[in-house]
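Asker: Single-letter residue listing:
Number of protein chains: 2
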Amino acid sequence: MGGDFAPAYPVHAAVEALRNFRAISRLILVGDEEQIRRELSRHGTVPADRLRVFHTTQVVAMADSPVEAVRRKKDSSMCRAVDLVKEGAADAIVSAGNTGALLAASTIKLRTLAGVDRAALAVVMPKRDGIFVLMDAGASVDAKPDNLVDYAIMGEAYCRHLLRKPDPKIGVLSNGSERGKGSKLACEAYDLLKDTPVNFIGNIEGHDLFDGPADVVVCDGFVGNVLLKSIESMARMTFKMLKEELTANLVRLSGAMLTKGAFATIHKKVNADDHGGALLLGVNGIVIKAHGSSSVRALCSSLRVAVEAVDNQVNPHIIENLARLRNL
Amino acid sequence: MGGDFAPAYPVHAAVEALRNFRAISRLILVGDEEQIRRELSRHGTVPADRLRVFHTTQVVAMADSPVEAVRRKKDSSMCRAVDLVKEGAADAIVSAGNTGALLAASTIKLRTLAGVDRAALAVVMPKRDGIFVLMDAGASVDAKPDNLVDYAIMGEAYCRHLLRKPDPKIGVLSNGSERGKGSKLACEAYDLLKDTPVNFIGNIEGHDLFDGPADVVVCDGFVGNVLLKSIESMARMTFKMLKEELTANLVRLSGAMLTKGAFATIHKKVNADDHGGALLLGVNGIVIKAHGSSSVRALCSSLRVAVEAVDNQVNPHIIENLARLRNL
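Here the protein sequences come in this chain order: Y and S.
Everything in the first sequence is counted per my numbering, starting at 1 for the first residue and increasing by one.
Everything in the second sequence is counted per my numbering, starting at 1 for the first residue and increasing by one.
It is worth saying that the hints were derived from the structure and are not from the lab.
Heads up, the beta-carbon is just placed ideally off N, CA and C, and yes, glycines get one too.
Careful: at least some of the hints might be erroneous.
[To be verified] No more than 27 angstroms apart at the CA atoms, straight line, and that leaves these computed lysine-lysine pairs for DSSO-like:
hint : chain 1 : residue 1 : chain 2 : residue 2
1    : Y       : Lys-184   : S       : Lys-181
2    : Y       : Lys-169   : Y       : Lys-127
3    : S       : Lys-109   : S       : Lys-144
4    : Y       : Lys-109   : S       : Lys-181
5    : Y       : Lys-269   : S       : Lys-260
[Said to hold, decoys possible] Cβ pair distances, simulated, as ranges:
hint : chain 1 : residue 1 : chain 2 : residue 2 : range
6    : Y       : Asn-199   : S       : Lys-243   : 31 to 39 angstroms
7    : S       : Gly-115   : Y       : Ala-264   : 52 to 60 angstroms
8    : Y       : Arg-50    : S       : Ile-131   : 52 to 60 angstroms
9    : S       : Asn-327   : Y       : Gly-130   : 53 to 61 angstroms
10   : Y       : Arg-164   : S       : Asn-271   : 35 to 43 angstroms
11   : S       : Thr-247   : Y       : Ile-131   : 19 to 27 angstroms
12   : Y       : Met-62    : S       : Arg-326   : 39 to 47 angstroms
13   : S       : Ser-65    : Y       : Leu-253   : 51 to 59 angstroms
14   : S       : Arg-111   : Y       : Leu-253   : 51 to 59 angstroms
15   : S       : Ser-254   : Y       : Ser-65    : 51 to 59 angstroms
16   : Y       : Ser-25    : S       : Pro-213   : 44 to 52 angstroms
17   : Y       : Asp-142   : S       : Asn-20    : 45 to 53 angstroms
Looking at chain Y on its own, in the form it has when it is part of the complex:
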């Protein structure tokens, strides 16, 4: 029921996902049953045997305070969906709703994985020769060096088992490339990470993010969130300016027609829709936060990532890797 286009887009995406991903044995739509049934009726024959509707009476609004949402809106679609994961009735949750509330509900109800102090949001971002994982993209602020080590281990498992990179390179986001450069947090995380079994490649500066070697870049959630939102905002501004300028007169408009393919290719490369939203790593269960303005396609990608995360046992891998690290 959350996000900008609920329940229409989530219901549409659910139907598409059931049709395309046979690995989904059951998809539960949690929310107002009447509204959901109405939306379902728009999509012809749906695989009803694999679809359930779980009726709830409340909705967490985008402006609700996270903790209040969890405490006061116990029968909200979001809280109930997390409950289903907690009870083992579901393996994963995908939500386009209030980010803070989803983080709060997930960490409070599901608790963190054994050995994990803090959960972190992992976001897949485009770079020149592929993609990389940025984490924490904003699950918590004022992280400690140990937290960044956990993020690295979790990001490594994500990269290896979901993104299928055989030997992911891990970097620490910093304002200088050499050891000893950076905030106290970054420097201490560097020193801890070089003694872990991950393939640690040192500091990654801002200008190496989109054109550098790192597959996973770890940072405090404050920095990650500011960075992610700034990049999104800047991309939006750039494309808005392009659109304005390219349609400013007829000559440019005809030029723009001829170059359409170029923009389509770039859009495909940098389009967040195919990357499946942000994965909250470190909790007991798979939790995916889709963008509030997610398209049906983006929500479908989130559902695909949820399936892959369950199938490829990302969480068991994380627990195993952390346990190995702690015993080193």
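Position chain S relative to chain Y; hints supplied.
Answerer: Just chain S now, kept in the frame of chain Y:
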């Protein structure tokens, strides 16, 4: 002698600046005299009465450690140029050299302004409806809340007296818009700033940077540096992809020709060359750090900003505003 194209570009820019900015009563080129004279000879008649060459024998390399550069390379162009400001023989220094070394030399030799604990790099960035100042863009890391208040006062003076905004709006970079959202640093800075005389508008999230109301956005130098470099890197990647795609075949190439004007307009809007580099605010003297890869045009802009900073008495304004704040 620093930066990617020294001494050719700095000398060329100096000649241009002398021709265009009559307010420059004397421009001192600090570096290897022979090389500088050779470059000068390429530019026809130069206003020799307003030009001096100050011979130095050493060069701070881009890879030199900042403190070592200051200690060991006392006769470097950079150190001598800062000395000239310190001695009152110059009002301002423009350098495209090693950032860390310039910061170290400036803070060690010039010391901070009365009432300022830490200097900060102020960078002018484009936004949809104009420009804004981001600071600190990387002069120091692990700032304290008081430092962010100083940055706000300094940024305000920059904005008001150099960028000619009558009532600059000041924001704190954060990962949420409401009070109480953000890192400990951001939250404490928020609480201090709301009681200062600056026009404080609260938290600014990443997605409001390029499309929001703030004229000055303050943050820790770690965050500012990572942000600035990421944005630069992302812009570079976008334009590189555009170029590759727009020249991929003849149809697109002809389309690109027709849309040339659009790209020129956007380039002009977002081009850092006209913004004059980063101003190190908070030291006794005007210090401008131009990008290492600065064009002649960008170096000229830096010289223009130097002139404006001196003429408009940015530093006296900062001292006055800080003194007023402390007595409140």
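Asker: Does the structure break any of the earlier hints, and which numbers would those be?
Answerer: Checked against the structure, no hint fails, so every one of them is satisfied.
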